[in-house]
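Here the structure of chain A is known, so what remains is to put chain B in place on it, guided by the hints.
There are 2 protein chains.
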Amino acid sequence: MNDMKDLVERITQRIQQMEKFEKFPIIINVSNRHVHLTKEHFEILFGTNVELTKLRDLMQPGQFAANETVTIVGPKGKFENVRIIGPLRKYTQIEISRTDSFVLGVKPPIRDSGNLTGSPGLIIIGPKGKIELNEGCIIALRHIHFTPQDAEKLGIKDKDYVRILAGKGKGRETIFSDVICRVSKEYATECHLDIDEANAANVDNGEYIYIVEKL
Amino acid sequence: MNDMKDLVERITQRIQQMEKFEKFPIIINVSNRHVHLTKEHFEILFGTNVELTKLRDLMQPGQFAANETVTIVGPKGKFENVRIIGPLRKYTQIEISRTDSFVLGVKPPIRDSGNLTGSPGLIIIGPKGKIELNEGCIIALRHIHFTPQDAEKLGIKDKDYVRILAGKGKGRETIFSDVICRVSKEYATECHLDIDEANAANVDNGEYIYIVEKL
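These protein sequence lines are chains A and B, in that order.
In terms of this note's numbering, the first sequence opens at residue 1 and continues consecutively.
In terms of this note's numbering, the second sequence opens at residue 216 and continues consecutively.
One or more hints might be untrue.
[What the hints assert, rightly or not] Where chain A lies over chain B, by a calculated footprint (3+ residues, C-beta under 8 Å):
| hint | segment |
| --- | --- |
| 1 | 219-228 |
| 2 | 305-316 |
| 3 | 391-403 |
| 4 | 414-422 |
[Stated by the list, open to error] Below, simulated DSSO-like cross-link-like pairs (lysine-lysine); rule was C-alpha separation at most 27 Å, straight line:
| hint | chain 1 | residue 1 | chain 2 | residue 2 |
| --- | --- | --- | --- | --- |
| 5 | B | Lys-291 | B | Lys-343 |
| 6 | A | Lys-23 | B | Lys-429 |
| 7 | B | Lys-374 | A | Lys-170 |
| 8 | B | Lys-429 | A | Lys-170 |
| 9 | A | Lys-76 | A | Lys-130 |
| 10 | B | Lys-372 | A | Lys-157 |
| 11 | B | Lys-374 | B | Lys-235 |
| 12 | B | Lys-254 | A | Lys-170 |
| 13 | A | Lys-78 | B | Lys-293 |
| 14 | A | Lys-20 | B | Lys-238 |
| 15 | A | Lys-170 | B | Lys-291 |
| 16 | A | Lys-76 | B | Lys-385 |
| 17 | B | Lys-385 | A | Lys-159 |
| 18 | A | Lys-170 | B | Lys-372 |
| 19 | B | Lys-429 | B | Lys-372 |
| 20 | A | Lys-76 | B | Lys-291 |
| 21 | B | Lys-385 | A | Lys-168 |
| 22 | B | Lys-383 | A | Lys-159 |
| 23 | A | Lys-107 | B | Lys-383 |
| 24 | B | Lys-322 | A | Lys-168 |
| 25 | A | Lys-128 | A | Lys-20 |
| 26 | A | Lys-168 | B | Lys-429 |
| 27 | A | Lys-214 | B | Lys-429 |
| 28 | B | Lys-291 | A | Lys-78 |
| 29 | B | Lys-343 | A | Lys-168 |
| 30 | B | Lys-383 | A | Lys-214 |
| 31 | A | Lys-157 | B | Lys-383 |
| 32 | B | Lys-383 | A | Lys-168 |
| 33 | B | Lys-238 | B | Lys-372 |
| 34 | A | Lys-39 | A | Lys-130 |
| 35 | A | Lys-107 | B | Lys-385 |
| 36 | A | Lys-214 | B | Lys-238 |
| 37 | B | Lys-385 | A | Lys-214 |
| 38 | A | Lys-214 | B | Lys-235 |
| 39 | B | Lys-374 | A | Lys-168 |
| 40 | B | Lys-293 | A | Lys-76 |
Calculated from the structure, these hints are not laboratory results.
Idealized CB from N, CA, C, for every residue including glycine.
Bound-form chain A, shown alone (with noise of 0.2 Å):
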């Protein structure tokens, strides 16, 4: 009896859990390949008298797309007019996606941005010059960004996982696992993925996800 009362307490606050999340829609923005540099990168390939210059502001605040691109060059293929994302950060990244992958002929790891230890190098060609990089070519880990009072809303915590429902009736919904949480006073609430996850749940930028579980 006492078993089967806890059991249902379990299940109220799951269900509890699971309205608050679906009445918490959050906003997808879907990456394409673009490139973080460092300063002196960025001076390589473009020269020490110019500036990296804004084309448009990401969700994400101080966060733009630049107006420089870059080709970038694996084993096996290259990609070119690949996006700068400013500003210039203490580490050079390059996120592609999987399909990005066997194009360039690299087998990148699935990694949170700036954890880079292993993974594959490629080599970054600007206007002035080119770099041979060592490691710095990751598949992004798919991601929400929170503001700290949304994640408080939510009982989120920074790095917590969660199961994420996208593409809800529209003939491919999915439920991504493996999300993870990123809380910051920096950050806006948005949901980051890329194009490989974008297409197999048939979901487009601007787009809703909600969280379906925390794990």
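Just chain B, lined up with the frame of chain A:
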């Protein structure tokens, strides 16, 4: 009290079903873009005195990847060397990924094989001629082929929908909903995903999924 007993009963049944599914891994076949042709269309593209020839057998009995390939052309782009899947069929159908659809510049619906009404056309070019289709281009609805024996074991009927788990423990675990089950004595038991779906879940040809829920 009766409510609680009923709940425990239903949860127990659900757990038993999940355990049955978990013990039945189903092999994944990752489909790249490909074309099915009618005899009439094949003859326009390759001539009247030639036969479609086998490169390799596929897992589905009688189905094969042909040596022959075509070029498919859309309003924005094209793909060369697109493989024909044999044998020839009663309808011409082009199956592409959502990633491919952006390259070609078409918006195909997500459909089960053979359901082509209202789908966009493409131009198909072969060594001896070309055809301009009014319809026939789809993004394949993800699906599992079942032998009647395997379907029976799992309590699955033709046209049931299920959720499947792919890529467990590989950094991109994904639960795909909207997976249609097709049961026939003509089939081998096999799950077909396209390249976007496989890359989103970090899985390859020959790995396994299992069903987590019957919808």
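Going down the list of hints, with the structure as the test:
1. 219-228: Per the Cβ count (5), the hint holds.
2. 305-316: Coverage by chain A holds here, the residue count being 3 at a Cβ distance below 8 Å.
3. 391-403: Check passed, 3 qualifying residues.
4. 414-422: Result for this restraint: holds, n = 4.
5. B/Lys-291 - B/Lys-343: Status holds; Cα separation ~23 Å.
6. A/Lys-23 - B/Lys-429: Holds, at about 25 Å.
7. B/Lys-374 - A/Lys-170: 18 Å, holds
8. B/Lys-429 - A/Lys-170: 18 Å, holds
9. A/Lys-76 - A/Lys-130: Answer holds: A/Lys-76 to A/Lys-130 is near 18 Å, not above 27 Å.
10. B/Lys-372 - A/Lys-157: With a Cα-Cα distance of about 43 Å, the restraint between B/Lys-372 and A/Lys-157 is violated, given a limit of 27 Å.
11. B/Lys-374 - B/Lys-235: Holds, at roughly 20 Å.
12. B/Lys-254 - A/Lys-170: 34 Å, violated
13. A/Lys-78 - B/Lys-293: Measuring from Cα to Cα gives roughly 19 Å; hence the hint holds.
14. A/Lys-20 - B/Lys-238: 33 Å, violated
15. A/Lys-170 - B/Lys-291: Judged against 27 Å, a Cα distance of about 24 Å means the pair holds.
16. A/Lys-76 - B/Lys-385: Between A/Lys-76 and B/Lys-385 the Cα gap is close to 24 Å, so the pair holds against 27 Å.
17. B/Lys-385 - A/Lys-159: 18 Å, holds
18. A/Lys-170 - B/Lys-372: Holds, because 23 Å separates the two Cα atoms, which is no more than 27 Å.
19. B/Lys-429 - B/Lys-372: Status holds; Cα separation ~10 Å.
20. A/Lys-76 - B/Lys-291: Holds, at roughly 25 Å.
21. B/Lys-385 - A/Lys-168: 24 Å, holds
22. B/Lys-383 - A/Lys-159: Status holds; Cα separation ~19 Å.
23. A/Lys-107 - B/Lys-383: Holds - the C-alpha atoms of B/Lys-383 and A/Lys-107 are around 19 Å apart, at most 27 Å.
24. B/Lys-322 - A/Lys-168: Holds, at about 19 Å.
25. A/Lys-128 - A/Lys-20: Distance of about 52 Å is beyond 27 Å: violated.
26. A/Lys-168 - B/Lys-429: Satisfied, since the Cα-Cα distance of roughly 17 Å is no more than 27 Å.
27. A/Lys-214 - B/Lys-429: 22 Å, holds
28. B/Lys-291 - A/Lys-78: The hint holds at about 21 Å.
29. B/Lys-343 - A/Lys-168: Status violated; Cα separation ~44 Å.
30. B/Lys-383 - A/Lys-214: Distance of about 17 Å is within 27 Å: holds.
31. A/Lys-157 - B/Lys-383: 24 Å, holds
32. B/Lys-383 - A/Lys-168: Distance ~22 Å between B/Lys-383 and A/Lys-168 Cα, so the pair holds.
33. B/Lys-238 - B/Lys-372: 18 Å, holds
34. A/Lys-39 - A/Lys-130: Roughly 14 Å separates the two Cα atoms, so the pair holds.
35. A/Lys-107 - B/Lys-385: 14 Å, holds
36. A/Lys-214 - B/Lys-238: Holds: A/Lys-214 and B/Lys-238 sit about 25 Å apart, inside 27 Å.
37. B/Lys-385 - A/Lys-214: Holds. B/Lys-385 to A/Lys-214 sits at ~18 Å (cutoff 27 Å).
38. A/Lys-214 - B/Lys-235: 25 Å, holds
39. B/Lys-374 - A/Lys-168: 19 Å, holds
40. B/Lys-293 - A/Lys-76: Distance ~21 Å between B/Lys-293 and A/Lys-76 Cα, so the pair holds.
Going down the numbered hints, you'll see the structure goes against 10, 12, 14, 25, 29, while the others check out.
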